[in-house]
Amino acid sequence: MGCGCYSHASTEKDILRVAVFGLENSGKTSFVQCLRTSNKISKTFKNISTHGVIAVNVHLNMQTNMNLLIFDCGGCKHQRHIWPHLLNNADLILFTVDSIDLTYLNDAKQALFDLLTDESIIDKPLFVVFTKSDKRKNININQLEQALDLFMIKDRPIHKVLFSSITLDGFTAISTWFAYYSHCKLRGKQK
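Here the sequence shown is numbered in this note's numbering, starting from 679 and rising by one per residue.
Hints listed in this document are in silico derivations from the structure and should not be mistaken for laboratory results. Since this is a predicted model, take the numbers as computed values, not measurements. One or more hints might be untrue.
To be verified - Here are the simulated DSSO-like pairs of lysine-lysine, each with C-alpha atoms no more than 27 Å apart in a straight line:
| # | residue 1 | residue 2 |
| --- | --- | --- |
| 1 | 838 | 787 |
| 2 | 863 | 802 |
| 3 | 832 | 813 |
| 4 | 815 | 863 |
| 5 | 813 | 718 |
| 6 | 755 | 802 |
| 7 | 787 | 755 |
| 8 | 832 | 718 |
| 9 | 832 | 802 |
| 10 | 718 | 815 |
| 11 | 815 | 787 |
| 12 | 832 | 863 |
| 13 | 815 | 832 |
| 14 | 813 | 838 |
| 15 | 813 | 755 |
Work the whole structure out from these sequences, hints included.
Okay, here's the thing in structure tokens:
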């Protein structure tokens, strides 16, 4: 079974590999913790220290049994050089963007487009998760999409969602997409 990281799955096809990228403090690790536990992140748990890459096994038991291997990739500028090495076996690319810190949108856009130039992920679905949506009223997802120039990405399916690790807004949509792509992988189809 390859690396042997996930003991509940019987084959590599049973595991949906998700690489999670984003700038430092964009909510990557809180997002992964919500997936892992299917619970809200308590306000006292929000300062999680991460450096480098953390691989997390997640078993989502919704309507279908999904086995996810999630790579939570460090977002510091000096850590981004390892991002291309984590893409080879990813089935999905997930990019988190802090929806309340608008000063970093240009940096996030640059990091995203740098990431998407890697040939190993052409046609891989992209999930753009705008995090911390509970912190600001009237977030306009269309303005965030335009600021990131997401309309320029034509070589892959793109899914966008506002997400809060405090309220779990957006969790169901993300889980549904994961179920869809997990089903596609099991059936040998890439959408």
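Is residue 815 close enough to residue 787, meaning Cα to Cα at most 27 Å? Holds, at roughly 23 Å.
Pair hint outcome, residue 815 versus residue 863 [Cα-Cα no greater than 27 Å]: With Cα atoms ~37 Å apart, residue 815 and residue 863 exceed 27 Å; violated.
Between residue 718 and residue 815, does the CA-CA distance stay at or below 27 Å? 19 Å, holds
Next pair to validate is residue 832 with residue 863; report whether the Cα-Cα distance is within 27 Å. Cα-Cα ~21 Å, so holds.
Please verify whether residue 787 and residue 755 have alpha carbons no more than 27 Å apart. 14 Å, holds
Below or equal to 27 Å on CA atoms is what counts here, so check residue 815 against residue 832. Measuring from Cα to Cα gives roughly 30 Å; hence the hint is violated.
Does residue 838 lie within 27 Å of residue 813 when you go C-alpha to C-alpha? 18 Å, holds
Residue 813 and residue 718 were given as a pair; does the straight-line alpha-carbon distance stay at or below 27 Å? Since the Cα atoms of residue 813 and residue 718 sit roughly 15 Å apart, the hinted pair holds (cutoff 27 Å).
Regarding the pair residue 832 and residue 802, is the alpha-carbon distance no greater than 27 Å? 11 Å, holds
Decide if the proposed pair is consistent with the structure: residue 832 and residue 718, CA atoms, cutoff 27 Å inclusive. 34 Å, violated
Is the hinted pair residue 863 and residue 802 satisfied, with a Cα-Cα distance of at most 27 Å? 12 Å, holds
Agreement of residue 838 and residue 787 with the hint, judged by alpha carbon distance not exceeding 27 Å: Holds. Residue 838 to residue 787 sits at ~14 Å (cutoff 27 Å).
Hints 3, 4, 8, 13, counting from the list given before, are not met by this structure.
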